[in-house]
Structure formats: structure tokens, C-alpha cells
Amino acid sequence: MTQTIQTTCPYCGVGCGITATVNTENRRLQIKGDKSHPANFGRLCSKGSALGETVALEGRLLEPHIHGQPTSWEAALDLVANTLLETIAQHGKDSVAIYGSGQLLTEDYYVANKLMKGFIGNANIDTNSRLCMSSSVAGHKRAFGADAVPGCYDDLELADLIVLIGSNTAWCHPVSFQRIRAAKETNPNLKIVVIDPRRTATCDIADLHLPLAAGSDTTLFNGLLNYVGYAARTNNFAVSINNETVRTAYPTDVDFIEKHTEGFAAAIAAASLAGNVQQVADYCQLTPEAVQQFYDWFTSTEKVMSLYSQGVNQSTSGTDKVNSIINCHLATGRIGKPGMGPFSLTGQPNAMGGREVGGLAHQLAAHMDFATPGDIDRVARFWQTDNIPEQGGLPAVALFDAIYEGKVKAVWVMGTNPVVSLPNADKVKAALQHCPFVVVSDCIANTDTADLAHVLLPAQGWSEKNGTVTNSERRISRQRSLFNGIGEAKPDWWIICQVAQRMGYAEAFAFTHPAEIFREHAALSGFENHGSRDFDISAFADISVESYDALQPVQWPVNANNPNGTARLFTDKRYFTPSGKAQFITVTPRPPVNAPDAEFPLILNTGRLRDQWHTMTRTALASKLNQHKPEPFVEVHPDDAASYQLAHNGLATLATRWGSMTARVQVTDSIQRGNVFVPMHWTQQLASDGRMGALVNPVVDPVSKQPECKHTPVQIAPYAAAWYGFVLSRQDFSGFKNLKGLNADYWVKIKGEQFYRYELAGKSLPDNWHHWAQNQLGEDANGEWQEYQDQGLGNYRAACFIEGRLDSVVFIANHANLPERNWLTSLFVQDALSKQDRLALLTGKPPQGVADAGSIVCACFNVGEKTICDAIKSLALKTPQDVGKCLKAGTNCGSCVPEIKGLLG
Amino acid sequence: MKQKLVVIGNGMAGMRTVEELLAAAPEQYQITVFGAEPHGNYNRILLSSVLAGEKSMGDILINDRQWYADNGIRLFAGGDKAVTRLDRGKKQVHAQDGTVADYDRLLIATGSNAVRPDLPGMDLDGVVSFRDIVDVETMLAYSQSHRHAVVLGGGLLGLEAANGLVQRGMSVTVIHNHAVLMNRQLDPAAAQLLQAALAERGINFKLAAKTEALLGDDNGHVQAVRFTDGSELPCDLFVTAIGVRPNIALAQAAGLYCERGIVVNDTLQSYDPSIYAVGECIQHRGDTFGLVAPLFEQAKVCANHLSQHGMAQYLTLPTATKLKVTGINLFSVGDFLGDADCENIYFTDTALGIYKKLVIKAGKLVGAVLYGDTVDGGWYQELLEQRADLAGIREGMVFGSSPT
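Chains A and B, in that order, give the protein sequences.
Heads up: the first sequence runs through residues 266 to 1170, numbered per my numbering.
Heads up: the second sequence runs through residues 21 to 424, numbered per my numbering.
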């Protein structure tokens, strides 16, 4: 039986609507973009499009476990509740903590926060949003008095200048990027400026790219504020603002500054220290022409959007960076109006929802906090509790330090993987290993964090769970159940409520449906609000289950005054500060905390890839998402590659003062000399030594406590491999076979279509490759073997067939330049190989006359680089549209269009 | 007046030389050919195919008597025309029937004789070698009337004989003194594939076997083979194929310098400047010959000198071996075993029955064994002969010459 259900994508903060055609009998899904959803209007990226491939039961956690043994919910919940109570009794209430996730639904988040802050009575609940959004939260709070994103996605189509700061939008928010690209096509006046040390795929649509020195953003924006504020070019004149005399030039909005802001004089005084264009350019290592161009466009364009993301947030001066951007918008009055404003691109599907419920340790609930007088009392009355602590709890990095130091003795991790994602991740791992009681609720059985759990609680995953999420533009959308829960998996809110009930808080956690939680959350947002708090969805305080189920995407606030939601905030120029005025923040640039030195001479930058999500527990299940970037890699500038003797496609070991990682070297001039970039996704489940978190310095922004993931001093050296190789096999070695059996010091596991790919390297050679292969892959006695061996060259290759069907392929060499894997991997979907293919197999290349697609560019339609290049050449294709018409490449999610353009180059 | 060229031997080497000579200098010689077999000239290599029933005698004839007439060649063919004496002083050859021919230049191409094992019972009826049309006719006759054939020798010729006899319906066992079939051409791995394929066709093997004697019945006909371990095999036809020996009796009798064969220089000239020799009867730089390819090369060089162009030099190159058994592809060339200084490249696909081994020394290909897939044999031979630099092609070469 099939059914069509509207739901929301579980990946990035764009929050795209999905129309899912559900076959409940075979648990199959067809995924399409929801044409009616205002975030995406039918578009989906490669990750969202592949959701149907991630809902199988492979890898799922389907029953509770205690110490690795399956058990009942009763036993597991009793153990969790009792251990938390005992720990609190013995060590005090500060000895327990929850570490949650922007993947949780708002309802899950709400009860988790309520349990911790309202009833257990400490604020030790923090989430992985600390790693991506907290600088934005802090910046908003400082400037606007509330954590509020002023604008909306529709502004993208209205703007005449879009500045993308520290954001590889093309890969991290692909649908927003497509929207900007489309806007540029319809509005030729729209200029795009990309500010990023790396030349990313986002630069494809840039009219100007400013590859600034890592960490120099505040100087660039202070310089802009200075430029805007002073007569940098012409028409010097003095005005009096807030009784202070400053000199200014067009386009400063004197009237706005005077009536609706505070702190301008101090901010501009500090900003003036950035100097003139030449001085800014020198500091940021940019050309003065480029800086001048950016400043000119910014000053001369009224409708400016400044979109920023992790390049801004993940910094020890992240909050200042946010405010340095907001300052420029306040100085020009470009906020609260169509087509303009600062806009934080959130990382996670429900980072915003988490912020709304107060899921960060320094927040209380519903945009109330510990510091604002009356907030604690108000929430206590609403929750009918007297347990609310006086102050905030431990933010993520400090929380795991406290676990490491034994101050926190019981921790419950929900839907996230801190052993991979947190800075100094090896210390996080050690902390959890030493922690007396670790509970992990997750939908996936084996994660680096779940492996350390004493109690594992099976949570429902996307497609099963039911609730709401909020995207970057404050839009609340429903994530709906597509399938019934599977196995013993339960919704997170249910699990939390069950534990809360067992801890003695039955009345406050008597929820039986997510709509009941949503109602309470909505009621709290409106409780004694009267317009004093930005977050207000009191219109839903009495929403029925039917209306909740039918809820259409809507932007908060949604209250009596705005029953249909609110596209833009601050249209009335009133802010949520005590004075009602927006605040200029005086920003004094600070360099990143740890500078490169002789021992660690390079700067490590980290980030997301186009086709993977977070720690890959779900996206890596979809074979087509594993093709774009199959392995952990490190991007290195050609000059640095030469200095450190790194070969393209060879392996390198990166080391910082905190840890190490091994990755495939990609030599590219898209990265600056002195910088290296690694992707953030790989885990111990998928790679021997690919956790970038181990490298990252655990230093945090003093205001937001967000760690500086984009800047760690690092050294790099070639990995001393005696051999390199890969295995393609239908066998999953992490299942019945042990990956360790491969005797590889370096390994990466990549799921493909009907096969697994293992990239391997080793520091010592086995005695005999033939025996090695037979031992590893010769399980089936019916295996027919094909082998190629050239010991002199260090080459060993073999293939095993079972009843004529390709079962395994092994390629070994004493160098890293093994043949492309694409053609070989394409053979696993065939039941039998032609003799021609079989005899060419161990060359790694198709026999003459068979086209090799090359490395996959378009993951949606599986179109390879060689196919595209051949078509461009033979059909004289000129534009990405031509390529799309001809090969379909780039016509679905469009996120590969920059690469197609590159090929058209 | 034309010079007189006499050719002793109407086989493949001699006649190829004559053909080359006719092409190079058609008017230079008056040519006389003596042959001990009563036919024109035929392709001895294809005798196996005749035995296996894949070709007829007519198919393998190269030049019939008319061809000799058309080219003005006097042909003395048949048992009574066998040359019995060579008089170098008078520059004359004498045949058995008293025919005498004068020569200015003499070409000896007497070929080789089968090596006969030194076994009790070799004089019994039903014991044959595998050298000429008469041997084939004998074997064919036995295959009609007898059941058990035993072939002594697991080399190229022995296996071809065994295959032919099995095709003709006989029960065949191959006896080989070595554990590896065709050990002069194959390494153990390839030999095992070959053995399995031949066993599939019904051929039995007794390897690393020591034959003690042939046992006869009351009529003096062979009936069994006995081995040193005491075991016996029933045997109605005993075919020996343990190698050949240059046929140098005539040359030796004439006092021409011989070692294992008639010793010739790089122009195929013997120690007597008037006498040339080609084919399996010669010894050149220590080598004797058993395969056809070098014989043709010798013919070319020899004709070049006989025609007084005097340019060419003969150099022995590694010769490739192919087994003429339909459905079995096998190729071997050069130093296929290699030594401690060699590096081997292997390719195997057991289920497809493919085995390839390339032997490389100092960056050059020195040998190859191919089983099952021999299409690239020619290319390897070329690489080997040219001593080609393998840099750049080494990684892909075992997969073939077509750029895959």
C-alpha cells in the first residue's frame, strides 16, 4: 500500500519540505521535493534525494542494551533512572548531564531540557548546536536582545548583493545556494561576494571572492564599518549621533542609528583601528582592489544580505565576527526590510528548535535565560517546580572536560556522536571511557560514541519519528512518521518521559503524544510574554492533534497578532533589549588562540562535504552519496605539497598538539598556502584514523563557548606506507569478518551498490599476497580466482567470482596511484561478466570500446567526469544547461553544477 | 651455363630454401632434389592434424610433383632415391639406385631421426615413432583394429600423437619421465592446466615414470609396457616421441665436420665452402633445432648466400612453441623458467583455464608461458626479440597488447 506524506528533510538547516511516497509493506520510499514548501519549492539536494536509501534496517539499533547485552525497555529505563538518582544522591545534582543534538525534534528537546533544568535541577544540558550555532546565538542576543534571525529566505530573491561569509553554501546548504543561483539568473544586477579562505564550489557564482587570511574576518568587517561610517571616499561631513560627533558618509543611516541603536560611537572608534582599505587588505592578505570592490558594492547597494555560517561561528572570536557583520547592517539601517539583513545559515535541521526550547546550557527555556530577572521564577511557575538552578550549566567542551575530570559521573548522549565531532576528540573518548555511567540513545547501533555506552537506548529515526523542526528562517515544519516504529525503537520524547517518570516526575512528564508537548512548549512561549520575548508561538497553545498533524510550515512568532506567522522581525525597529534599541558591539579583532609555529607550521581548517552528513551514520548507507568524496582527505596547496614531500593521492598523517589523523592528499590551489583542509565526517566505524575531531584545538569563544574548529596549528608528513591497495567485496568486513584481518594500518570502508570498498595501506608487507587474499576473501569454497602478480613492481591483484558473479576484487601496489575504481565498482551490479570484461578486470580499466564514466560528478544521476567531458567535446556543449539536457547531470539537485562548469572551463 | 645445385632432403627446410632461392635468383641454378619419401614436399608439422582427423594428406601437401616440373627442378623421390654417398672430391652425390648428380653447390637438409629409447622389446611389432606419413598411416591403421595405445614422451609431439589417437577412439596413456608435461616449454603451473585439459579429453598420464621394458605376445607383437616399479600397462601400439637427433650420417661419412649436427656458420655454410646445410640436421653456434620457425629463417639466409647476394646473417632467436591440439591454446617462448635474477609476472584465471607468466630480466622480457589465452604471444615474442624497454608497459603487458 502506498501513501503520500509531506515531511521535512533531516539534514541541514535549510529545512526542505519533502513529499514522500511511502510503501509500508516493503519499507520503501520515493522522495521528491515538496513544491509547496517555502524553503525549497520542490528542490532537493543529493543528500535529501537519497533519503530513501537510508531507511533500510541496516545498522539500526532495534532493542535496548545494557553492557552490550539486549534487554527490555523496563530493565534499561529502570537502570537509567535509578543510576541517575543514585549518582545525584551520592555526588550532587551537578554530577549528571545530558548532551543532545540538533537532530532531535523540538518535542524531544523540550522534555529533555525540562527534565534537566526543571526537575533534576542543573543546567548541564548542552547540545552539538554548541559546535555550530552558539556564536550566532550570542551575537543575536548581544545585538538584538534575543536569538532572532531577522529575515527570511524570500529575501534572497529580493537582494541586489549577497555576501556569503565563511559558508560553502553550495555544499552545505545546497538548496539555498540553488535559490541564490536562480535569483542571479533572473536578476543580472545581483552581485555575489564570497568571503572564504578557500576557493570553494560556492565561488562558482561569485562576482568577487575574497580569500582572506584565516581568522581575519573581524578586521575585514570592522574595516567595512569604518568605511561605511567615515568619509572613506567623498563627501566628508560630520553629524551628531546620540550626542556624539562622528564623521560619516553615504550610506550611513543617521536617523536609524540615532533612534534605534546604541553603541555606534564606540563601535566605530574601535573599527577605525582597522585602518583604510590598504591597511585592511594588508592585514587580511587580500588585494586592495578586491577589498575596495567589496566595500564599494556594500556601500552602494541598498539591498544587501550577509549570509554566514561555520567559518564565522566556529572561532574563538565567533561572536565578535557575528556582531562585526551585524554592525555593518545596523550602521546602514539594512535590517528588518525586504531583501536585506544579516542571516545565519544554521547547520542542523533543528538547531533552531533546540534554541527555542532552551537546549543550550546557558539558556533556560523559550528564549528565557538565567540572567534575565524574573525568567527563572516564570518558568518555575509554569513548570510547577522549584528545582530550577540559579545559573547556566556546562557548555559542550567544558562538559566533557568535567566528565574527564570525574566531576560529571553520568551522562546521557542523545542522537549525536561527540567522540567524532567535538574538538580534542581523543580526550572526549577517554572521558566517556572513564565515565562511570554513559547512556546513548540513537537510531544507529554502532557509532564511535555508542561503542562506549553502558546503556544503549534504541531511538526512532527520521521516517519514524513525529514532531516539529525549525529551519534557519524561523520556519516550523512537521517531520512526520512515514513508517511505524521498527523493532523496539521509541521516540526520544517517550524515552525521556519514561526516565523522568521513573525518577519521580510522573506528573510533569505524563505526555502521550508529541502534540501535547508542542502545546506546552507553545504555551510557555506565550506565558507572560506580552511582546517582551521574540519567541512566541502561543497561537498553538491549544492546537488539536488533528491540526498539529496538518500543520503547514510557518515562521514564528505565531501569536494573536501574527496568526499566520512572521516573515521578518524588527520591521518596527524595536528590539528585545532593555532599551528596545539594537546594540552596536565594539569589536576588537583577536587572532585565533593558537598560532602556527615551527613545530606545527600549518593551519588546519575543517568542514562539510557535499554528499555526507555529520558522522555519516545515515548518509554513508546510501551508496551513491559515497562516490563524490569516498575517503577522508586533506587539501594541500601545491607549494606546501612540495615542501612536505606530499604526493597527490598519496597518504599523509596530520598531527596537532591534541591528536592525529591520516588522510588522502589532494593537492589543489583552491586552498591557500599554509592552510590545509580536512572534512569533518569520518569516524572509527568507517576509517582507521579519519576522525578530524582528534586534531582540533579545544579552545572556545569566551562569549558563545563555541570551539575554534576552523583554526588549529598542524604539521603534516607523508604516511610511510609499504603498500597501498583496495578491496572491493560483497562482504562487509565489519560484520562477520574483522577489518583487522586485512592487516592494514590504514583502512577506509565505503559502501557501494552491492559491494563494500576498502581503501587500504600498510606499513609492513604480508609474507605472501596470494595467501593474504585467500585468507581474507576465500571464505567461499566455490570461489573462482583470477590473479595478477608482479612482485618486482610490487603489484598484486586478484578477483574472486562465485558462480561467474564477481564477488571480490583486490588491488595492491607499492605506490598510491592505483587504477580508478569506478569501472570496477560498476561491475558488481552485473550477475555475470562478459569474458571481455573479466579478462580486463585486473587492469582496472574497461576493455577497449567500453566507456569509463570517470569519477562521479553528479550523484543524483550517477554521471561521471569522463562521460561529461566526452559529451562536452563530442557535442560541443557550452553551458551546464546543455550538459543537463544531454546527460541529466546537474538537473536534479544542481549541487554539481560548479563542477560541471569547471569541466566546461 | 647454369651452376648446379643439389639438395639432399625434400623436407620443409630444404624446400623452403629452394623456394626462397627461386624467388631471389630464379635463373642461377639448375636444381636437383633428392628425397627419401615418395611424395612431393609436405608440411610435417601438420601430421598431428592428419592423425587427429582434422586434415587430410592432400591438405598438408606444399608442393606436388608438377610444381617441381614447372620450376625446372629435377626431383628424385622415394626410398630407392635415398642418397647413400657423398663424394666431396668429385662434387657428386650417389643415390641408392645408382643415380648420380654433380653439384657446384650442395645443400644438405636431411632433417632428423626420432630418438629410439633403449628398451627391451623395441623390435616388437606395434612400435612406431611419429615422424612421417608412414608413421601416421601405421597409427591410423592400429586405431581401426586395436584398443590400447601408449605414447612414450610427454613433449609436444607425444601429446599431439596422444591427442590424435584419442580422437581416433583409442585408449591412450602418455608416459613421461618428468613430473611436468612439456617441461622443456612449460612451467609446472601451465603444465598442470594442460594435463587437466588433456585428461578431460580422455588421455591418461603416467608421469615421472621409468619404463623398464616392452612385453610382446607369442606373435612378436607388443602387448604391455612394464615399469621399474613392477606395474604394467596393456599396450597394442607403442609410439615413441622422446625427441629427435640430427640426421648427420651422410655428412659424417663424407668427412664433413659435425658435432651433434652438421656445424654451420652464420651463413649456413658448412666447413666445406661448397656445402650448405639447413634445418634439423645442423648445429649453429651450439644449437640444434626442432621447431619450424628458425628453419624458415635459416632458409631465407641460406638462399641469400646461394644466390650470391651474400648479405644476410643467421642468428638464433628464441622460438615460440604452440601445441597443435584443437581447443588448447598454449604458447611458450624464451627463458620461461627464469633464474634468481628474474622477476615474474603472473596472470591466472583458473576457472577460465588461463595462465600467463612473463619472465623479466634487467627490465627486458626474456621468456613467456601462456596457457588458455595466447593471443598476445606474438607481441611478447616481438618484445623479447627486440629486447624492448618495458618501462611504461610493464604494468599492463600481461593483459595484452591492446591498450585497455
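Heads up, a few of these hints could be off.
Chain B is faced by these chain A residues, among others (derived, beta-carbon under 10 Å) [stated by the list, open to error]:
#1 Leu327
#2 Lys568
#3 Ala1046
#4 Glu1049
#5 Arg1062
#6 Leu1107
#7 Thr1108
Ranges between beta-carbon positions, derived for each pair [to be verified]:
#8 B:Gly73 - A:Lys1100: 17 to 23 Å
#9 B:Gly398 - A:Leu322: 40 to 46 Å
#10 B:Leu357 - A:Asn914: 52 to 58 Å
#11 B:Ile413 - A:Asp904: 30 to 36 Å
#12 A:Asn1033 - B:Asn133: 43 to 49 Å
#13 A:Ala863 - B:Val395: 39 to 45 Å
#14 A:Lys1100 - B:Ile413: 37 to 43 Å
#15 B:Leu372 - A:Met266: 57 to 63 Å
#16 A:Gln1039 - B:Lys75: 43 to 49 Å
#17 B:Gly73 - A:Asn291: 57 to 63 Å
#18 B:Gly73 - A:Arg1070: 35 to 41 Å
#19 A:Asn1033 - B:Lys230: 49 to 55 Å
#20 B:Ala273 - A:Asn1033: 34 to 40 Å
#21 A:Asn914 - B:Ala382: 28 to 34 Å
Calculated from the structure, these hints are not laboratory results.
C-beta atoms are modelled at their ideal positions from N, C-alpha and C, and glycine is treated no differently.
* To do: Evaluate the given range 49 to 55 Å for the C-beta pair formed by Asn1033 of chain A and Lys230 of chain B.
  => 35 Å Cβ-Cβ, so the 49 to 55 Å window is violated.
* **Gln1039 of chain A versus Lys75 of chain B beta-carbon gap, inside 43 to 49 Å or not** => Holds, since Gln1039 of chain A and Lys75 of chain B (Cβ atoms, about 44 Å apart) stay within the stated range.
* Residue hint Lys568 of chain A, partner chain B, criterion CB-CB below 10 Å -> Where the cut-off is 10 Å and the nearest Cβ of chain B is about 57 Å from Lys568 of chain A, the hint is violated.
* Asked: Is the hinted range of 57 to 63 Å satisfied by the C-beta distance from Gly73 of chain B to Asn291 of chain A?
  -> Holds: the Cβ-Cβ distance is about 60 Å, inside 57 to 63 Å.
* Taking 43 to 49 Å as the hint, is the beta-carbon distance of Asn1033 of chain A and Asn133 of chain B inside that range? -> Holds, since Asn1033 of chain A and Asn133 of chain B (Cβ atoms, about 47 Å apart) stay within the stated range.
* **Supplied distance hint 37 to 43 Å, evaluated on CB atoms of Lys1100 of chain A and Ile413 of chain B** => 23 Å, violated
* Cut-off 10 Å, beta-carbon criterion: hint that Arg1062 of chain A touches chain B -> 9 Å, holds
* Status of the given 35 to 41 Å range, CB of Arg1070 of chain A versus CB of Gly73 of chain B -> About 39 Å separates the Cβ atoms of Gly73 of chain B and Arg1070 of chain A, which means 35 to 41 Å holds.
* Asked: Any CB of chain B closer than 10 Å to the CB of Ala1046 of chain A?
  -> 13 Å, violated
* Asked: Should the hint that Ala273 of chain B and Asn1033 of chain A are 34 to 40 Å apart at their CB atoms be regarded as holding?
  -> Since the Cβ atoms of Ala273 of chain B and Asn1033 of chain A sit about 59 Å apart, the hinted range of 34 to 40 Å is violated.
* Agreement of hint Leu327 of chain A with chain B interface, Cβ distance less than 10 Å -> Violated, because the Cβ-Cβ distance from Leu327 of chain A to chain B comes to roughly 40 Å (cut-off 10 Å).
* Asked: Between Ile413 of chain B and Asp904 of chain A, is the Cβ distance one that fits in 30 to 36 Å?
  -> At 34 Å between Cβs, range holds.
In this structure, the hints that do not hold are numbers 1, 2, 3, 8, 9, 10, 13, 14, 15, 19, 20, in rising order.
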